Amino acid sequence: MTNARILGSLRNAFLFFALITVLFPIVWVALASFKTAPQLNDPSLLFFEPSLLNWRFVFEAGILEAAGRSALVAGITVTISAIAGSGAAYVISQYKAGGAATRFGILAAQVLPPAVLVFPFLTLAYVLRVNDTLLPLIFAHLSFVLPVVTWFLIGFFDSVPKSLEEQARVDGFTRFKAFLLVVLPQVYPGLGAAIIFGFTLSWNDMFYGLILTPSRSAILPVAIAGFNTFRGVELGSMSAAILVAVIPVVIASFFIQKRLVQGISGGAVKY
Amino acid sequence: MTSVRVFQFRMLLPLLAVAAVAVGLPLFYALYLSLTDFSLTQQGPAEFVGADNYVSSLTNDGLWGAIGTTATYVLIAVSFETVLGLLIALSLQKQKWARDITRAMLLAPMFITPIAVGLTFRFLLNDQLGAIPQLLRSLGVSYDFLGSGNALFTLAMIDVWQWTPFMVLLLLAGLESIPQQPMEAARVDGAGAFYIFRRITLPLLVPVLSVAILLRSLDALKVFEYVYATTRGGPGTETETIQYFTYQTGIQFFRLGEASSMAFILLAIVLPLIIFLFRRLDRSAHR
Chain A
40 MTNARILGSL RNAFLFFALI TVLFPIVWVA LASFKTAPQL NDPSLLFFEP
90 SLLNWRFVFE AGILEAAGRS ALVAGITVTI SAIAGSGAAY VISQYKAGGA
140 ATRFGILAAQ VLPPAVLVFP FLTLAYVLRV NDTLLPLIFA HLSFVLPVVT
190 WFLIGFFDSV PKSLEEQARV DGFTRFKAFL LVVLPQVYPG LGAAIIFGFT
240 LSWNDMFYGL ILTPSRSAIL PVAIAGFNTF RGVELGSMSA AILVAVIPVV
290 IASFFIQKRL VQGISGGAVK Y
Chain B
985 MTSVRVFQFR MLLPLLAVAA VAVGLPLFYA LYLSLTDFSL TQQGPAEFVG
1035 ADNYVSSLTN DGLWGAIGTT ATYVLIAVSF ETVLGLLIAL SLQKQKWARD
1085 ITRAMLLAPM FITPIAVGLT FRFLLNDQLG AIPQLLRSLG VSYDFLGSGN
1135 ALFTLAMIDV WQWTPFMVLL LLAGLESIPQ QPMEAARVDG AGAFYIFRRI
1185 TLPLLVPVLS VAILLRSLDA LKVFEYVYAT TRGGPGTETE TIQYFTYQTG
1235 IQFFRLGEAS SMAFILLAIV LPLIIFLFRR LDRSAHR
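First to last, the protein sequences are chains A and B.
When you read off a place in the first sequence, starting at 1, and then add 39, the result is the number in the working numbering.
When you read off a place in the second sequence, starting at 1, and then add 984, the result is the number in the working numbering.
Here chain B stands alone, though its shape is the one from the complex:
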């Protein structure tokens, strides 16, 4: 090996060593668990059961329900976040007065621990003690935020409150890094603001927009804290998301083998998204 290669290897070694213990080892152990009937409450060694866990997970209606619920949640939350995030980023880009403080305050929610956000909204939306239902009642409106039919949408709106700032952050950066000349040329030619946005700004923003949507979707898929803080999966199983369902299988029922197989099924579903994100980011970073 040449000295350059030795140097590169030595510099990578600490990362590879820590990653092997913190990611590699548990990943392979999870694969092993998913092929056994391991349970925390069971006496004696776990037995190898082959693909049994995968078969029972894949035929488990609860898991498919949770996958559907999670997909609906991600779709609602990320759509709202994209539209609102784009509108806020466009507004902030033009804003001059009290610029830095407005930006800092609007971005604050994304740094709050999600369990605190979940509990705050549980409090605000509480039927008797909450400010929002009381405000609505004084307007003559009665709406059960966490009731049947509404709960999943409410959870998605909590996600929107916390994570629209993330969209704003990335889209604002995207807006400020795209060249201004095409917009100015179009303006000189008499094009309207909406036309310029739709035909020039938006196409230039697509790379950043797609990265932001992918990152948000991958993160929203892991939703757990809001469910844990507010509905615990209810009413019925309406808000049972995949992360919550896996948690219940593993922790409340101690069936770690089955829970691990569910985690790998989830991984198989998100892997294409991760690959797509990587190709997007790697291409623009290493031009």
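Same shape as in the complex, but just chain A:
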């Protein structure tokens, strides 16, 4: 065998090992969600008669309501972010509006530790008597979803030539109509990716939810964490609850992977 062939087999073996490492925990949780309590005591059990008891239990415990609240928060957050972010990203990219200070603010807000903002949100929620409702949570999620969505869109607007808007202006469009009807449709794929990614970020966040909506309006990640302490560790039902949270976003993520890089780097890395 030549060196190149040996390197090739090593590479395949390595990728196979990586794939197993990624899939093993996911498959494990999926199996556990169909096991009864006695079956869970035997981790090596691979073939067994599947039981739907865990699934019935999590549905009765209100996992779908928690998922609904998560979807509502993520939906509202990402809609506001897309509307406010697309106009701003357009003028930041094409007109250099706002300068370096605005761009720095947008990036800094994305990576700001949530410990900085969470206590003011909690205190204000108490003062305004909206504690343990979804309203403060929506504002908290806007603090990171809005900058991420805007940053994504700046990257996508950067790849649209300025001449497109100029041509539309010659054709009699106002600046706003040129943006809305001519330039924005060019970045629809990027906008779609930004919306799905922003939704995922809000859907996956637990820290703000744990502090701002700990009980009555618990969102999905907080509800999942609840299975950890409720009557000891309910491994089977916890596994079912985990899958409820994981399946929709992992499927959605398949559609946006190609555009993520350009978005995350704000156009600095093209794919």
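I should point out that these hints are in silico values taken from the structure, not numbers from a laboratory.
Heads up, a few of these hints could be off.
[To be verified] Computed, partial: chain A to chain B, Cβ under 10 Å:
| # | residue |
| --- | --- |
| 1 | Ala-110 |
| 2 | Thr-162 |
| 3 | Thr-189 |
| 4 | Gln-296 |
[Stated by the list, open to error] Pulled a few chain B residues facing chain A out of the computed Cβ check, cut under 10 Å:
| # | residue |
| --- | --- |
| 5 | Leu-1186 |
| 6 | Glu-1222 |
| 7 | Phe-1262 |
If you're wondering where the values come from, they're calculated on a predicted model, not measured in any experiment.
Heads up, the beta-carbon is just placed ideally off N, CA and C, and yes, glycines get one too.
For chain A, the structure is supplied; the task is to place chain B on it using the hints.
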């Protein structure tokens, strides 16, 4: 103002308005809180205490312990993620067969909610019910993953499981966007694969590599869910990370003024990283 300026301002206004309420207001309120003795359980108005919270936070051994723990965690996790991410990206770049599905599956962990990842590993690593300790026992190995001395490393490995895909994503993009001619020229001149990687590919990859490392480090600093799901800071205070420590001060002890001062100390530590990241990204995006 010219009409162009008016247009720019109107387009920016919604973003600025939402950001003022969602980021600006809480940021300034946090600054105010950090200068008072505000506590959720205390009756009556909070009193202005000046820099007292900062003095007590800065002299709090627990906070410095948490900063050290977090730094160790980030260093271990991000180093493993960088090396593994680079190896996987290089392998994927050459791979032809079942390309898209392999990539999609390898990237999946980064889209899972971190609390689910934490609980999954708590389950997998459980001494009695977990698959991994059982597998190891059948091989005659006994290892306490969440025990004293091992717990922080285990948490870092959970981070590696979830976030190596992020490195792969960015590095693969970097690899596929760098020009191929220098590598081909070197190959024609008889250079070996390792030499080409070290002297040509790696230097060309440095901009993307540094951005990926910075983004990962800034995110790993916020680690909370894995600690909450598995160790709750223990054994002792071994896995008390800064975000968890601040959460405890604010939520379990209701000392919001002190917790806010800790958050600003954290911010002061990460600010240089954020500035460095911005200069990296802004320079390459606006060439």
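*Which hints, by number, does the structure contradict?*
The structure breaks hints 1, 5 and 6; every other hint is satisfied.
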